[in-house]
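Trainee: Assemble the whole structure, with the sequences as input and the hints as a guide.
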Amino acid sequence: MRGDHGIDLSPVRAGLPWASGILSCRQSKHWKLSLDTTRALLKEFATEDSMAVISKCGNSIAEISQKELASNLEDGWAKFPIYCYPEGDEQHTKLITAFSRIQEVFVARMHVGRNLPDDPKSSLHSLIDDTTAEILDLDRNNGNDSGKKMLEEMVRFFSRPPPPDKYNNMEEFLQYRRQDAAVQYVLASTIFSLNSCVDLDSPYLATYIRLLKDHICIANDLASWEKEKEAYDNVKVLYMINTVDVVKQLFSLATFDTALAMTQAFQFQVECDIDDGIQQLIIEDDLTADEWQFIDATLHTISGNVFCSTVMSRYGGESYRLE
1 MRGDHGIDLS
11 PVRAGLPWAS
21 GILSCRQSKH
31 WKLSLDTTRA
41 LLKEFATEDS
51 MAVISKCGNS
61 IAEISQKELA
71 SNLEDGWAKF
81 PIYCYPEGDE
91 QHTKLITAFS
101 RIQEVFVARM
111 HVGRNLPDDP
121 KSSLHSLIDD
131 TTAEILDLDR
141 NNGNDSGKKM
151 LEEMVRFFSR
161 PPPPDKYNNM
171 EEFLQYRRQD
181 AAVQYVLAST
191 IFSLNSCVDL
201 DSPYLATYIR
211 LLKDHICIAN
221 DLASWEKEKE
231 AYDNVKVLYM
241 INTVDVVKQL
251 FSLATFDTAL
261 AMTQAFQFQV
271 ECDIDDGIQQ
281 LIIEDDLTAD
291 EWQFIDATLH
301 TISGNVFCST
311 VMSRYGGESY
321 RLE
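Last residue of the sequence shown: 323 in the working numbering, with the numbers rising by one and none dropped.
Bear in mind the hints are in silico, worked out from the structure with no lab data behind them.
There may be inaccurate statements among the hints.
What the hints assert, rightly or not - Below are the PhoX-like pairs computed for lysine-lysine, each with C-alpha atoms no more than 25 Å apart in a straight line:
| no. | residue 1 | residue 2 |
| --- | --- | --- |
| 1 | 227 | 67 |
| 2 | 229 | 67 |
| 3 | 166 | 236 |
| 4 | 67 | 32 |
Mentor: Written as structure tokens, this is what we have:
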């Protein structure tokens with residue numbers, strides 16, 4: 001079922017503080033290609049062509065990219081494609097990585113079938129156009145539309161609405177959080193990495209996919225909680241969109257520490273529900289080989305997400321570095 005593009009990892013045996021009951025992790029063998037692709041894209045963002053392009057945070061795209069290039073790139077966001085999509089071959093890995101840090105200001109160029117003006121393009125625009133064309137060429141050559149759907153999900157993510165003023169229950173929050181965390185795009189990228197044609201809207205997979213999305217949201221929120229709360233308290237961000245905060249509000253808890261513990265328990269319960277759901281799918285025996293491959297790959301997508309959140313520098317992962 002698995003190809004030879006990934007290698008097995010054991011975070012528990014490595015002594016990491018592993019906050020998940022899913023013990024299996026995988027890493028792409030093409031990790032260096034992924035890092036090189038990320039670095040090349042950031043260098044394009046860091047050029048003068050991008051100085052006048054301003055992101056939503058108020059800084060120029062060039063300034064943001066220059067800062068990332070000056071940091072330890074390997075310990076940041078570049079980890080996600082390596083551990084979340086370990087089954088992709090070299091070409092699929094390169095293409096997924098190329099769009100993993102695309103800024104919202106360039107998403108208009110990624111609309112499939114769009115008409116672009118004939119004005120001179122920057123080298124970055126050319127890179128985005130060429131990468132999009134390569135993704136769609138892969139679809140045509142392989143007889144599926146996984147790349148097209150991945151692009152559509154990225155565009156849809158940047159078109160998401162702002163959060164509501166309040167949530168009446170956890171499901172209302174998670175319905176929005178699944179959009180805000182780009183989870184549909186993550187799963188579409190997993191399908192693209194497999195060169196597969198699995199339908200994310202399949203009724204057979206509906207419960208499993210909903211639980212996957214919830215797990216990604218909750219795990220991310222647990223990892224980022226301290227930084228997000230600090231940013232919100234210091235008025236550096238407009239919204240607090242985090243499961244821990246919603247748990248505290250919905251259950252009228254006295255402290256955030258209690259809410260943090262309950263949110264971790266919530267993640268463990270989701271993992272139990274995922275396991276029960278897989279056992280039920282085995283009993284029903286309605287899935288295709290491609291759908292079972294998707295299940296195996298997405299289990300490593302969510303464990304890879306936990307792994308990245310554990311070891312990346314943004315969340316204090318430097319202390320677990322092997323010397």
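Trainee: Against the 25 Å threshold, does the CA-CA distance of residue 166 and residue 236 hold or violate the hint?
Mentor: holds (20 Å)
Trainee: Take the C-alpha atoms of residue 227 and residue 67, compute the straight-line distance between them, and say whether it is at most 25 Å.
Mentor: The hint holds at about 19 Å.
Trainee: Under the criterion that the straight-line Cα-Cα distance not exceed 25 Å, is the pair residue 67, residue 32 satisfied?
Mentor: Holds. Residue 67 to residue 32 sits at ~21 Å (cutoff 25 Å).
Trainee: Are residue 229 and residue 67 close enough, with their CA atoms no more than 25 Å apart?
Mentor: Holds: residue 229 and residue 67 sit about 23 Å apart, inside 25 Å.
Violated hints are absent here; each numbered hint is respected by the structure.
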